[in-house]
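Undergrad: Can you make the complete structure from the sequences, with help from the hints?
Sequences listed follow chains B and F, in order.
Using this note's numbering, you'd call the opening residue of the first sequence number 1 and step up by one each time.
Using this note's numbering, you'd call the opening residue of the second sequence number 1 and step up by one each time.
Read the hints as simulated data drawn from the structure, not as lab findings.
Do not rely on the hints blindly, as some may be mistaken.
[Stated by the list, open to error] Coverage of chain B stretches by chain F, computed from C-beta distances (three or more under 8 Å per stretch; other residues unrestricted): (1) 121-132; (2) 183-190.
[As the list claims (entries may be wrong)] Just a sample of chain F residues kept apart from chain B, beta carbon distances all over 12 Å, derived: (3) Ser-305; (4) Ala-308; (5) His-559; (6) Ala-594; (7) Gln-621; (8) Leu-690; (9) Lys-738.
Note that beta-carbon positions come from the ideal geometry of N, C-alpha and C, so glycine has one too.
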Amino acid sequence: MKPLEYHAPTSLDEAISILKAEGSQAAALSGGTDLIIQNRARPLDLAHMVDIKRIPELNVLEYDAKNGLRLGAAVPCYKVAEYEPIVRLYPALAEGAELIGSIQIQSRATVGGNICNGSPAADTICALIVLSAICAIRGPDGNRDVPAVDFMVGPGETALKPGEILVEMRLPPPPAQSSNAYLRFIPRNEMDIAVVCAAANITMDDKGVTCTAATVAIGAVGPTPILVQAAGAVLTGAKLDAAAIAKAAKAASAAARPIDDHRGTVEFRTHVAGVLTRRTVELAAQRIKEDAK
Amino acid sequence: MAAHTYNQVGKPIPRIDNASKLAGQAIFAEDLQPAGKMLHGLVLRSPHPHARIRSIDTARAEALPGVRAIVTAQDLPDRLVGRYLADERALATDTVRFVGDRVAAVAADTREVAQEALGLIDVDYEQLPAVMDAFDALEDIAPLLHPRMAEYEVVAMAAPAGGNICSLNELSRGDPEKAFAQADRVFEEVYTTGMVHQAYLEPHACLGIHNPDGSFTVHSSTQAPFQLRGMIADALAVSHNRVRLVPTEIGGGFGGKISMQDEVAALALARKSGYPVRIVMTRREDFLCGTPRAGFHIAIKTGVSNDAKLIARTLDILLDGGAYAHGGVLVSWALPNFAEGPYNIPHLRITARCVYTNKPPSSAFRAPGGPQVNFAIESEMERIAAEMGWDAVDFRRNNLMPDGHVSTSGATMDCVMAPETLDAALALSGYKTDQTRPAPNRGRGLAVGNWNVGGMASAAVVKLNDDGSATLLTGVVDLTGVHTALAQIVAEVLDLAMDQVTVKTLDTESAPHATIAAGSQVLKSMGDAALRATEHVREQLFALAVEPLDAPPSRMELHQGDVRVKGAPGRSVPVTNLLGRAMATSGPVVGQGATGNYKRMPSFGTHVADVEVDPDTGQVQLTGYWASQDVGIAVNPVAVEGQIHGAIVQGIGMTLSEEMIFHDDRLANANFLDYKIPSVLDVPPIETVLVEQPAVDGPFGAKGIGEPPIVPVPAAIANAIFHAVGVRVTSLPITPEKLRKAIRAKA
Ligand SMILES: Cc1cc2nc3c(=O)[nH]c(=O)nc-3n(C[C@H](O)[C@H](O)[C@H](O)COP(=O)(O)OP(=O)(O)OC[C@H]3O[C@@H](n4cnc5c(N)ncnc54)[C@H](O)[C@@H]3O)c2cc1C
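TA: Here you go:
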């Protein structure tokens with residue numbers, strides 16, 4: 001094992017220049033709850049860890065009704081799960097952040113690290129997708145934006161290019177009469193990796209009868225999380241009755257492309273993708289009703 | 001319940017080792033740091049489930065700077081060792097039989113160098129076909145793991161039966177076949193259980209030292225210092241006194257720390273390098289090389305009569321013994337003795353076969369064999385009652401074994417408390433026999449468990465210090481808090497306060513022989529030895545007091561530091577005075593006590609579980625749990641309750657989520673992410689009731705309690721699931737996936 005050098009830059013430019021200079025020998029360190037373990041278990045052969053938690057731009061957490069939410073990549077999950085505007089308006093994201101590991105893990109782990117790790121089972125990615133999050137990236141060549149749905153490109157692979165840092169995620173303000181939800185299936189009650197997960201974001205008409213927009217995403221059932229367009233399509237314009245929701249669930253199962261492993265079979269994961277889709281849609285619809293009261 | 005008037009016994013006294021553990025001062029094997037240089041050892045383990053070793057070339061590894069010694073079988077005497085069947089080597093010679101089998105070991109200045117050196121040892125393997133399933137291992141065409149089994153020395157209990165069967169054990173009574181023919185109904189079913197790891201907090205670790213006089217010292221995290229010393233000495237071909245085994249604090253064992261692991265490798269490295277060598281397993285190594293609970297395949301056949309009587313039963317049990325005959329053989333031997341369950345069945349045959357497979361050797365795990373067999377028995381009781389239209393509680397009550405029952409082995413069962421625990425659990429949980437489902441997908445299940453607790457020969461020494469305080473010297477390690485109970489016994493007899501008693505665990509050189517810390521037997525055997533040693537001390541004090549008190553010993557008692565004449569409070573003499581007299585005459589007061597092996601005694605418990613099932617995903621939530629347990633007299637009720645809670649949690653694990661999964665002949669989940677022990681959120685509120693009735697020959701009427709409470713857990717939960725959703729999954733663990741499949745198949 002090589003000696004490891006720890007850097008703690010306080011500016012984005014500094015961080016990017018170290019990452020660029022050291023190439024594959026360096027990695028950004030956020031909470032380290034993925035990185036440190038991976039480096040120990042099967043040494044990644046890292047020589048440099050660039051701690052990004054002291055960079056101000058990565059610690060932004062603010063919401064306003066006009067611009068929506070700005071979530072810095074290095075904000076720890078416990079803050080995300082507690083932040084009042086997130087709990088109220090983006091409950092799916094709070095639910096994802098709250099499920100990551102345990103209280104101890106959540107005080108280190110970040111949403112940025114969760115998605116940069118590139119796992120299709122990551123607990124915040126489905127929420128970010130259905131909430132139409134934009135990932136703001138900065139690198140040696142400047143800034144660019146990537147929609148959350150395009151952020152993961154393969155197991156452990158993201159849209160980030162060498163030297164690039166995820167700065168923040170921007171979530172548009174939610175429309176009136178909308179809500180969202182996230183659920184995951186694990187065989188026990190905590191400290192586990194999703195066998196299947198799903199998020200839904202629903203908008204209803206003024207009367208709360210017809211669904212005017214719907215987005216569904218499922219995770220851990222393919223090399224990357226899947227935006228289930230067919231599910232959104234069957235719900236949009238429909239009354240959210242059992243039949244419509246069942247169709248959406250079916251669409252989610254049809255879209256799932258899971259593998260067989262010791263955590264679950266193809267058959268089971270495909271089925272549970274449908275179950276969770278149904279439940280997140282119902283939960284989101286329920287929340288809209290409750291908000292209307 | 002007997003009314004007791006004890007000062008210490010029966011009191012919920014906190015563990016005497018709490019402070020040192022909470023302060024992080026307790027020394028575990030991984031903490032050991034001998035004065036002077038110490039090397040870090042690592043073991044090269046087979047990457048193949050079954051292979052012949054053509055050659056081992058250590059030259060490249062030896063050339064690595066920082067490497068101090070490398071050992072292979074060539075550095076050890078040509079010896080097969082084993083506790084029951086001598087079928088194993090400390091380091092492999094020509095064959096490896098599971099992924100993890102020890103091939104060679106390296107000692108280096110740092111763990112990193114040792115790790116690098118492992119990669120430089122060139123082993124030429126010729127892969128052999130592997131057999132990963134106990135059933136497949138019985139086939140004629142199955143690869144033989146131990147072609148020379150017939151030549152192996154049977155050390156104890158093993159009954160090798162050819163092929164891959166390393167032990168075949170059978171007991172019967174009556175004529176089951178005839179009785180089946182006469183029964184009103186016959187039920188048959190097959191139940192299977194997974195291989196489960198003890199999942200203790202502390203992986204195996206040891207420190208080996210080669211002493212200047214050529215003898216060996218080994219520190220090890222073990223439950224069985226004397227047994228292990230014997231095995232190590234045998235493997236090194238030295239007499240037992242030449243190996244000093246120092247047991248360390250132990251971070252959990254549950255039966256998984258009885259077998260030999262890397263101790264001989266550490267000692268061989270120490271001898272070759274001239275330095276102490278410490279070997280600490282990683283979690284992954286511990287999963288690969290630990291000695292888990294055997295997976296069972298149980299074919300159960302039951303004949304009943306229309307008046308709800310069990311008439312006949314056969315149990316044909318196949319145990320997945322893994323690559324070597326460790327405790328799997330003991331389990332196979334013990335099964336015919338307890339697998340009759342808590343019932344009296346006139347015609348019975350129990351057959352157990354322990355079969356070699358290319359998996360880690362299975363061994364003891366908290367009531368080895370108990371929960372597996374009870375899962376079959378108590379699932380069947382419920383199923384049969386449902387199919388016959390009987391009340392399942394009445395059906396059980398109708399057939400429970402009576403006190404004085406003669407077991408399959410011919411032993412008379414004393415202190416049978418089966419009906420009492422059944423009643424206690426019904427009362428505690430408010431169980432109604434005409435139970436209706438409380439809500440859709442919710443259910444409640446019950447199981448009665450039996451287990452035989454025993455005791456093995458042990459001796460202890462109690463010495464009085466000059467102020468009358470006492471020290472108990474013992475060779476047994478504290479796995480469960482039992483040292484606190486031993487201290488309570490000493491304090492009780494001498495009427496001392498708890499802080500006037502010290503319990504000291506000594507190594508095998510200094511301590512008299514002690515039982516292993518397993519089998520629910522420490523309190524019984526070491527407790528009795530300690531009791532006798534303390535009584536011996538008291539006897540000596542009373543003899544010293546005859547003259548000053550002018551009374552016979554039979555009229556004396558100890559009271560807060562004095563020996564006094566019963567009923568005559570004025571007539572007393574301080575113990576310190578007596579000790580002063582002793583120094584001038586007979587010498588220091590030292591007591592010794594010993595006990596032989598005990599006949600095993602039955603122990604019972606009835607558990608009730610409430611569950612809620614998610615029918616869409618098959619996920620089971622436990623919503624309540626009640627346990628009644630037959631404990632004799634609880635010397636320390638909090639410790640007893642702790643054992644019950646812990647056993648239930650482990651039982652929940654093996655019932656719902658824990659299983660060592662083998663894919664492509666390799667363990668796929670050698671870590672705590674994928675080997676799923678219950679988390680605290682998976683454990684429901686647990687209520688317990690101790691059913692107290694003094695056991696005939698335990699110290700202060702105590703019975704062993706460590707193992708029995710795991711026995712009924714799987715069946716209680718499985719029965720609750722059946723009650724909730726009307727389906728029965730007959731293989732453990734009942735994963736969401738299996739349960740959902742069963743629910744769907746029914747719909
Ligand atoms: C006990 C335990 C339980 C866990 N439970 C869960 C769980 O329930 N659900 C779940 O989804 N995950 C879980 N995890 C995994 C992990 O905690 C999460 O994925 C977490 O969100 C990672 O965040 P982090 O800040 O610790 O990332 P880090 O480990 O710091 O980083 C992860 C990866 O992303 C890169 N990276 C981080 N930030 C940036 C950035 N801003 N720009 C570019 N690259 C970046 C790093 O270089 C690294 O490759 C668990 C981990 C542990 C140890």
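Undergrad: Now, for every hint given, state plainly whether the structure supports it.
TA: Hint check:
1. 121-132: violated (count 0)
2. 183-190: holds (count 5)
3. Ser-305: Holds, because the least Cβ-Cβ distance between F/Ser-305 and chain B comes to about 42 Å, which exceeds 12 Å.
4. Ala-308: holds, 38 Å
5. His-559: The claim stands: F/His-559 keeps its Cβ more than 12 Å from every Cβ of chain B (closest is about 52 Å).
6. Ala-594: holds, 46 Å
7. Gln-621: Non-interface label fails for F/Gln-621: nearest chain B Cβ at 8 Å, not farther than 12 Å.
8. Leu-690: The claim stands: F/Leu-690 keeps its Cβ more than 12 Å from every Cβ of chain B (closest is about 29 Å).
9. Lys-738: violated, 10 Å
Going through the hint list in order, the structure does not satisfy hints 1, 7 and 9.
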